Amino acid sequence: MSDLNWDRVETIIDQALELPKEDRETFIEQECGENERLKGEITTLLESISDSEGWLEDPQDYQREFYQEIADDVELISTGRNLIDTKVGSYLIKEKIGEGGMGAVYLAEHSADEFDHRVAIKIIRRGRASKENLQRFKREQQILAGLNHPGIAQFFDGGMTEDGFPYIIMEYVDGMPIHTYCRENKIRTDVKINLFKKVLEAIRYAHENLVIHRDLKPGNILVDTDGNIKILDFGISKLLENESHDGSLTRTGARMLTPRYAAPEQVKQQNITTATDLYALGILFYELMAGQGPYDFEDQSPYEIEQIILETNPPKPSARAQNTGLSRKLHGDLDAIALKAIRKQPENRYRVANEFLDDLSNYQRGLPVSAQKGTFRYRTQKFLKRHKQGLAVAAGILLLIIGFTGFYTWRITEERNQAQFEAERAQEIKGFMLDMFDRGNPDNENYSGREQSTTELLVAGMQKVENELKDRPQMYIEMMASIGDAFSNIDEFEKAEIALTKALSRSRGYYGTHNLQTAGILSDLANYNHEIQQYGEAEDYILEALSIDSTLNDGHSESLSDKISIYASNQFLQSNYKKARYLFLKADSLDKIHGKTQSPDYHTMLANLGETELFLGKYQQAESHFNQALNFFTNYYDSLHVNIAMTQYRLGMLHHYRSEYEQAEEYLLKSLDGYKALYGENNSQLSSNYAMLARTYRLLGDLEQAHYYAQKDADLTKQLFGDTSAMYAKSLNNLAMMQKARGKLQPAKNNYEQSLLLYQKHLDSDNPDLAMPLYNLADVLMDLGNYDRAHDLIKRVVKIDKARLGAKHPEVGIDLNKMGAILTKAGRYTQADSVFAEAESIFLEEFPEDHYRIGEYLVNYGILHLKQQNSSEAKEFFKQAIKILKTNFDADSKRVTEAMAYLEKSQRAAGNDVN
Amino acid sequence: MDKPGVTQLLLRLKDGEEQVYDQLYPLIYEKLKGLAYAQMSHQSQGHTLSKTELVHEAYLKMVDQTKIDFNNKSHFFAIASRCMRQILIDYARKKNAEKRGGKEEDVTYIDQLFHAQEEKSQELLGIDEALDKLSELNERLVKVVEMKFFGNMTIEQTASALDISTSTVKRDWIKARGWLHRELKGRFEIT
Chain A
6 MSDLNWDRVE TIIDQALELP KEDRETFIEQ ECGENERLKG EITTLLESIS DSEGWLEDPQ
66 DYQREFYQEI ADDVELISTG RNLIDTKVGS YLIKEKIGEG GMGAVYLAEH SADEFDHRVA
126 IKIIRRGRAS KENLQRFKRE QQILAGLNHP GIAQFFDGGM TEDGFPYIIM EYVDGMPIHT
186 YCRENKIRTD VKINLFKKVL EAIRYAHENL VIHRDLKPGN ILVDTDGNIK ILDFGISKLL
246 ENESHDGSLT RTGARMLTPR YAAPEQVKQQ NITTATDLYA LGILFYELMA GQGPYDFEDQ
306 SPYEIEQIIL ETNPPKPSAR AQNTGLSRKL HGDLDAIALK AIRKQPENRY RVANEFLDDL
366 SNYQRGLPVS AQKGTFRYRT QKFLKRHKQG LAVAAGILLL IIGFTGFYTW RITEERNQAQ
426 FEAERAQEIK GFMLDMFDRG NPDNENYSGR EQSTTELLVA GMQKVENELK DRPQMYIEMM
486 ASIGDAFSNI DEFEKAEIAL TKALSRSRGY YGTHNLQTAG ILSDLANYNH EIQQYGEAED
546 YILEALSIDS TLNDGHSESL SDKISIYASN QFLQSNYKKA RYLFLKADSL DKIHGKTQSP
606 DYHTMLANLG ETELFLGKYQ QAESHFNQAL NFFTNYYDSL HVNIAMTQYR LGMLHHYRSE
666 YEQAEEYLLK SLDGYKALYG ENNSQLSSNY AMLARTYRLL GDLEQAHYYA QKDADLTKQL
726 FGDTSAMYAK SLNNLAMMQK ARGKLQPAKN NYEQSLLLYQ KHLDSDNPDL AMPLYNLADV
786 LMDLGNYDRA HDLIKRVVKI DKARLGAKHP EVGIDLNKMG AILTKAGRYT QADSVFAEAE
846 SIFLEEFPED HYRIGEYLVN YGILHLKQQN SSEAKEFFKQ AIKILKTNFD ADSKRVTEAM
906 AYLEKSQRAA GNDVN
Chain B
18 MDKPGVTQLL LRLKDGEEQV YDQLYPLIYE KLKGLAYAQM SHQSQGHTLS KTELVHEAYL
78 KMVDQTKIDF NNKSHFFAIA SRCMRQILID YARKKNAEKR GGKEEDVTYI DQLFHAQEEK
138 SQELLGIDEA LDKLSELNER LVKVVEMKFF GNMTIEQTAS ALDISTSTVK RDWIKARGWL
198 HRELKGRFEI T
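Respectively, the protein sequence lines represent chains A and B.
Counting from 1, position 356 in the first sequence corresponds to residue 361 in my numbering; the numbering is continuous, with no gaps.
Counting from 1, position 80 in the second sequence corresponds to residue 97 in my numbering; the numbering is continuous, with no gaps.
Next comes chain B alone, as it looks inside the complex (with noise of 0.2 angstroms):
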């Protein structure tokens, strides 16, 4: 889709039409892994992982910002966020099943050294189901940790796109961080 119908929708959803936001996620969905992909395959030797931007740079590519209020922009934001949890999650998941199936062949010692350092999925995984039960407390702890550890986004960034104050989000994070570590501790030997 182009970048005046995305803007469009995200114009619509303000209005809380519910299809919008339904139409808007598949899209910056695929837009963020594409620029994902576009990113690493750029710089083949010796990449450095530019993640900060990504969530930045989909909303330049995608968004017609001369047409979009702040409000919209924080949509856009949360969004995205929310899809990059997405991608990291469904990311994990794969890897996951790949370590627990695949019996058909063995997988031996040496194999098994390689795949013991790809750890970080299963606490990955562990964090996004804690997060559905944050979300019942207060929505917006979640927000700021999907926006902050899953989009890369910047303190300010985040407080920009909520429309809070940055010592909010601060405080945000401390509690949602301490919650969730409370409920992942003892799963995952988390440091």
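Extracted from the complex, chain A is given alone in its bound form (with noise of 0.2 angstroms):
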């Protein structure tokens, strides 16, 4: 505003105002010219002008309260000076004792009475009670002082002061409030617990006499200097209400600070019943048993803490324990009594005192409590029970929302309150989810009548949310994305893209394109993608997040590495090893910063690295990282878990690639057997287990179990993915590879051909993958004589492969072999030697002495040097063959044969040399 003239706009103003309105637009469009400013300044000020007629002209409506209260404090003062040595009925008054909200306590003395007869004696400043109120007020008096309780003030009588203020004398107390009491005296939990009974014993005494107190607080619960309870005020509040129905003091509409003691139907301003004093006492029993309260309303507007009260679920006792002594005593019963008082329906609850009241007491002796039934670890259990092969479906829900909870732990060092939102948020999603599985729970209500699938309740969960999260963004979100991840994970992909696009897109309107939230379904869908083998969408996707969240956080935030690591499974599924291996290294040393090195999700990423490493041929690193991952796992989870079947893969293929295979077999079947009994035998993950299986037992010479499992895993692969797909292509491989080794050279060739065709298809030109179906096709091109073809193709094999692993890497040593062989039978003799040569080079110091490749290598060699006429050589060569490969295989097994028939053929020529 320095920059506008004010006399200028005053001026104007003035003008205008004194025009009629329609022709104030062309005035100031004129006054103004091209000054917006000015001209934005005159129009909004003009607009509130008009809008603003009426405001402020009564002044009374802003004084008025002041002058009641100095009239109030002037009659406080001056009846204040009277009341004292005067008498109220029958007392005298004394002193006074305390100021309220509604009014001033005073202590006296019963006039007539020699003994010491204390009363106390309140005046009630609110408003003046009409004839009508007045009658009123008579009946609930009668009521009231129909109450003989021990632990209830006794009220003694009732009536009107001079200037119409009603009062009310009661039983004076001297004590302090419950909290303090148990506090400043450091009373142990199972005393507070035994207290706590005779407030509930006195309030069921006045609940049997159908008086209701509807304002309990610790401030009208007392201790007495005997250590008796007294609980104050009965009825008072209901007193008063009758009053604000007859005018002033009713709210209408207004914002209102809702307390903490009060129950949601008091919010909704329902009914209140028994169950509201319950209630009121629940929070009571959840405070003294915690030490606070079950929800923060400290810095809240009152909408939300109206909405904390009657949306929230409150977090166990146990959990806002400040320490761990206190926190491992409430786990179980006392959480769960506790939970069950302050539930949001009234009908939940402990319905009368007694039920309170028994619980406890049994608690106390050890019985089982009602409370516990229908709570969370029960219907979970029967849940889980009731849905064997469900159950990693749900453990993995629940570890999603467990996930939750993690994710904003980290929040805590930011900003405390925050955190405690989101527990409670995360606590509220564990709500929704349980309801929507007690749908499939005949325990419940809500029973729809017959047990029902993961994928039912998952689409009704969504409809769930669709219809009841509707205008509640934030959970719609976090509900919306999850259950998507819980589609991904059970194959369903379609309902899966469906839940993760509605997440996205909320969240993007709500939170933000540029936001974490954003980000985090972001990496979501990368997710998912990953799942449909969709590697370039997931990387845009997972790049997106990764930008979000390094602008965010500045590039080393905790959440970082999780999107770094799927970008590095990313880059691992579409080939690029060695950038995947440095992303997964960035995202381990990412979580050792931040001390995250304790958690299954660490570990899946280390597994990650290791198959990395497998596949970059760093087999010791590999492997010790899978050992790590199932050593943690195993002790991790009590029972299966896909993670350990994973793991147990892996580590199968890394005992397959080093040639150890009667290990790898072990591992392999292992994890077959997890894998079925976790998602049953239609499961994607089946496929490559079965394939290694089919390799394995294929080089341990076992070719009726290979063919079965390349045969099962083709049959899988065509039924999940179609016949056009990546996965067919490597199955079709590996069908061909059992056809070849059975003889069977021409289907196995066609198998070949049409998987190769489909891998280039999926992948580019110099793609690592594209190394091994392009191996397979050379050998069997060899066999069938088609030198020509087959050279081409491996040298394309070995061109791959160096770039992939480096010139000396023992898989470069056995395409060489292979080329050797091939340059061989195409006669090029020269040509092979040299290639044999490179090879040789990489064996000797790549592979150990005894290697089956060695063998394989030395016979092919051979059967150069037999060609070239050097048959003693060769001679040598085979023996040396024939020695190293009976040790790995059976003497009558077919590599060890065909070198003795070689060797026998190198014998004869070499006689015949010699002769």
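Incorrect hints may have been included.
[What the hints assert, rightly or not] Using C-beta positions, here's what the derived DEER-type ranges look like:
| id | chain 1 | residue 1 | chain 2 | residue 2 | range |
| --- | --- | --- | --- | --- | --- |
| 1 | A | 506 | B | 202 | 34 to 42 angstroms |
| 2 | B | 149 | A | 97 | 46 to 54 angstroms |
| 3 | B | 202 | A | 603 | 52 to 60 angstroms |
| 4 | B | 156 | A | 558 | 19 to 27 angstroms |
| 5 | B | 149 | A | 302 | 26 to 34 angstroms |
| 6 | A | 150 | B | 149 | 36 to 44 angstroms |
| 7 | B | 202 | A | 190 | 51 to 59 angstroms |
| 8 | A | 479 | B | 149 | 35 to 43 angstroms |
| 9 | A | 605 | B | 202 | 50 to 58 angstroms |
| 10 | B | 202 | A | 476 | 49 to 57 angstroms |
[Said to hold, decoys possible] Just a sample of chain B residues kept apart from chain A, beta carbon distances all over 12 angstroms, derived:
| id | residue |
| --- | --- |
| 11 | 20 |
| 12 | 47 |
| 13 | 86 |
| 14 | 104 |
| 15 | 185 |
| 16 | 194 |
[Claimed, not checked] Lysine-lysine pairs mimicking DSSO-like chemistry, simulated, CA-CA at most 30 angstroms apart:
| id | chain 1 | residue 1 | chain 2 | residue 2 |
| --- | --- | --- | --- | --- |
| 17 | B | 111 | A | 127 |
| 18 | A | 101 | B | 50 |
| 19 | B | 112 | A | 273 |
| 20 | B | 187 | A | 44 |
| 21 | A | 273 | B | 137 |
| 22 | B | 150 | B | 48 |
| 23 | A | 623 | A | 349 |
| 24 | B | 202 | A | 44 |
| 25 | A | 44 | A | 197 |
| 26 | B | 48 | A | 26 |
| 27 | A | 101 | B | 111 |
| 28 | B | 84 | B | 50 |
| 29 | A | 44 | B | 50 |
| 30 | A | 26 | B | 187 |
| 31 | B | 150 | A | 101 |
| 32 | A | 500 | A | 681 |
| 33 | B | 112 | A | 127 |
| 34 | B | 50 | A | 273 |
| 35 | A | 804 | A | 830 |
By construction, these hints were calculated from the structure, which means they are not laboratory data.
No experiment lies behind these values; they were computed from the predicted model shown.
Ideal Cβ placement from N, Cα and C applies to all residues, glycine included.
Got two chains here, separate frames each, mind docking them using the hints?
In structure tokens, the structure reads:
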């Protein structure tokens, strides 16, 4: 405003106000010209002037309260002075002992009584009673006078002061509020429970006499000097509330601070029953147990407080306890009792004080408490038992929920309150999920009538989210995203995509595009696209998520490591192993910086890193990472878990690559059992397992088993992914391998050709994953006598593998060995010789001296010498080869017998030479 | 302080002695408060809020009118209105502090029902703040608001105290009201 000329603003306004309304706009245009700021200022001010017509016209509106207060002060001062040493009824007022929102309390003595009979007189300053009110007031007094219980401060009399304020005479209690008493005297939990039972007994008595307190709070539950409970102000709120019906005191839609003991039905201004009192006592019980109440109301707006009371599921008292000893004590029954007492729906709480008392007594005697029925653990246990095959999914969902809590905990350092709020929300999500499960639970009233599949449950959950959380974007987004993840976990890809896309668009709208929450859903979508093998799209999603996270968190947040890890997986899946390894190591170091190395997530990441290293030929590092992960997982999970099965599979792979086939078989079979138990027979996870088993059995010489698993794999992948999928290409390759091993060269070649075609459709021409199908086709082409094409193909393999693994890698040695053999068959001996020389250097350096690959190499090299008429040298190579092959394979296995045949041939040839 | 004392101070005010203002202000403040109490207590039952005359009453009680010219009188009204603003704002602050403070004892649901009606004090505090801002633009607009709204003075009294025409007071009032409304809009449900 500094550059605005205010005098000019006023001048124009003054002039404009003189004009008829319709002429003002033109006038302002004319006066302001190009000065948009001036014009804006004048226009808004004129609007405001017209909007505010009548406002502030009656200063009394604002000052009435002040004058009222002055009047009240004046009266209080004067009557206060007058009241001391005056008689009220038959009592003589001695001193003022308190002043509250409703009025002042005086200590008075019975004037006619010679004993020290003291009473408290409460004068209620709020509003004067009409005649009608007076009648009601009298009636209520009679009811209150009928309450005689040692735990209730006795009501003696009531009436009206001369100037028309109601007053109440009651038993004088010298004591302190129950929570203060417990805190100051450091009362033990067990003693607190006994004390609290006394409160319940008094309330039970009142309720049996049809009197509801309506305003229970520590301030009117006192412990007197003898340690007895005394409840004050019974029914007083009722007396007052009646007055409010007549006029000014009723709240009219205005905002209101909702205090901590108000029950949901009070907030909603619905019927108040005995359950309302029990709710307030439930909150008190919670506070006495945990040391603090279930909700944090500090710094919340009245509206938020109401929402918390109405919507937020309270955390367990044990979770709110300040030390672990206390937390352990509360865990279980006391948690359940407190939570039952403060349920949102009155009918779900303790309906009568007696039930509450019974549960406390049962707890003290070690008997089962009613509150445990229908609680979280009980229900989940039941649910999990009933849905054995859905167990993994349920566990997955629960893990997701726990994941939320985990995700939110890191914010604690940022802001405690926020974290608390989030934790409560996680709690709420948990409740929502369980509710969803309950539809399939016959114990529940919402039971749909039959056992439901996991998919049905999730579909129902999705509808529930759509219907019930429409107006609560935060919950909507989180629930939709986790349901999407769950769908993805059980291979319901279309539904997963629907849920995740909904979550994403809502999140973009609500939180914005550049937001961590949105980034989280983008990560989920990346994961989902990995499941459906859309790696390019996955990469787009994860890169967007990464860029959001790293700009918002300056590049080294904890949440970043998860996303880097997903990106690493993405690169792995796209066969960029070196980049993947680099990224995994980066995620690893981030996790280490943040001390996040004791979680399943971290070890999943380690196992992924291991697999990457496996593909990079770094077997030793891979093995150590796999073992680290497997050890953690087997200790961490009580029973079967996908992480265990997956790591076993990877160890199987590792041993396979290291030619340790028996160990490979052992791990692979364990893993297969695990997957089948977890996911049933039709799960994508099984396909790689079948394939690896087939190859392992082939190398173990068990062709029947090998063919069995190869066929299972091919059938499954065709069914799951279709006959043009990359997965099917891999399976065809395996099947062809078995066919070739069984000597069926032509079908093997056809399958290899088709497989290679599919691979090339899915991969770039220099993609490392092409090496395998190229090699295999080259191999079978060699056997079929098509040497030139075989040579072309194997040359590509060598090129790819050298680029991927380095020129000295064992794989390259194997490639070169095959190339040498092809060149030998093609009669290109010189070329073959130099290729074998290159292979030899690798075999001698990289393989153990009795490795069968060296045996294979020696056979091939021998054949070259045989072809070149160097029979005696060939003979030596074959002898050596047979020795090695015999340590690896049975004496009658194909490799050994073949080598023997060559040896014989060479011996004959050598004999011929000599002759 | 007696009547001549206040009158003397008022006379010296036009010479621009600032400490005179500082002396006068608390005197008038206390007087007004006292008058308010007196007025309310005299009519214990069924009292009406006889607020309009407060500033005037203070003037009559505190100043010897024979010694004073028009200019001094307008000074007095300006100060008195400002005092009324101060008194009401002090009250609103106290009210507000009561609402927020007092964590020791829990306020119950029922207590809140009673407090719910006492919301104007918040708005008063908002008006006070906005007036401070407005005084940087045009001090006279603030004076008009103080006299008319806080001091309960009529348009004519205000015009005469400020030595401007009644139509100027009306225009000033409208502008100030519009400006305040724009400032406070969104913060309070003002009607």
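Okay, the hints, checked on the actual structure:
| no. | hint | verdict |
| --- | --- | --- |
| 1 | 506(A) with 202(B): 34 to 42 angstroms | 40 angstroms, holds |
| 2 | 149(B) with 97(A): 46 to 54 angstroms | 52 angstroms, holds |
| 3 | 202(B) with 603(A): 52 to 60 angstroms | 54 angstroms, holds |
| 4 | 156(B) with 558(A): 19 to 27 angstroms | 50 angstroms, violated |
| 5 | 149(B) with 302(A): 26 to 34 angstroms | 32 angstroms, holds |
| 6 | 150(A) with 149(B): 36 to 44 angstroms | 56 angstroms, violated |
| 7 | 202(B) with 190(A): 51 to 59 angstroms | 53 angstroms, holds |
| 8 | 479(A) with 149(B): 35 to 43 angstroms | 39 angstroms, holds |
| 9 | 605(A) with 202(B): 50 to 58 angstroms | 53 angstroms, holds |
| 10 | 202(B) with 476(A): 49 to 57 angstroms | 26 angstroms, violated |
| 11 | 20 | 25 angstroms, holds |
| 12 | 47 | 14 angstroms, holds |
| 13 | 86 | 29 angstroms, holds |
| 14 | 104 | 8 angstroms, violated |
| 15 | 185 | 9 angstroms, violated |
| 16 | 194 | 5 angstroms, violated |
| 17 | 111(B) with 127(A) | 24 angstroms, holds |
| 18 | 101(A) with 50(B) | 26 angstroms, holds |
| 19 | 112(B) with 273(A) | 27 angstroms, holds |
| 20 | 187(B) with 44(A) | 23 angstroms, holds |
| 21 | 273(A) with 137(B) | 25 angstroms, holds |
| 22 | 150(B) with 48(B) | 28 angstroms, holds |
| 23 | 623(A) with 349(A) | 58 angstroms, violated |
| 24 | 202(B) with 44(A) | 20 angstroms, holds |
| 25 | 44(A) with 197(A) | 69 angstroms, violated |
| 26 | 48(B) with 26(A) | 46 angstroms, violated |
| 27 | 101(A) with 111(B) | 22 angstroms, holds |
| 28 | 84(B) with 50(B) | 25 angstroms, holds |
| 29 | 44(A) with 50(B) | 44 angstroms, violated |
| 30 | 26(A) with 187(B) | 18 angstroms, holds |
| 31 | 150(B) with 101(A) | 45 angstroms, violated |
| 32 | 500(A) with 681(A) | 23 angstroms, holds |
| 33 | 112(B) with 127(A) | 23 angstroms, holds |
| 34 | 50(B) with 273(A) | 42 angstroms, violated |
| 35 | 804(A) with 830(A) | 21 angstroms, holds |
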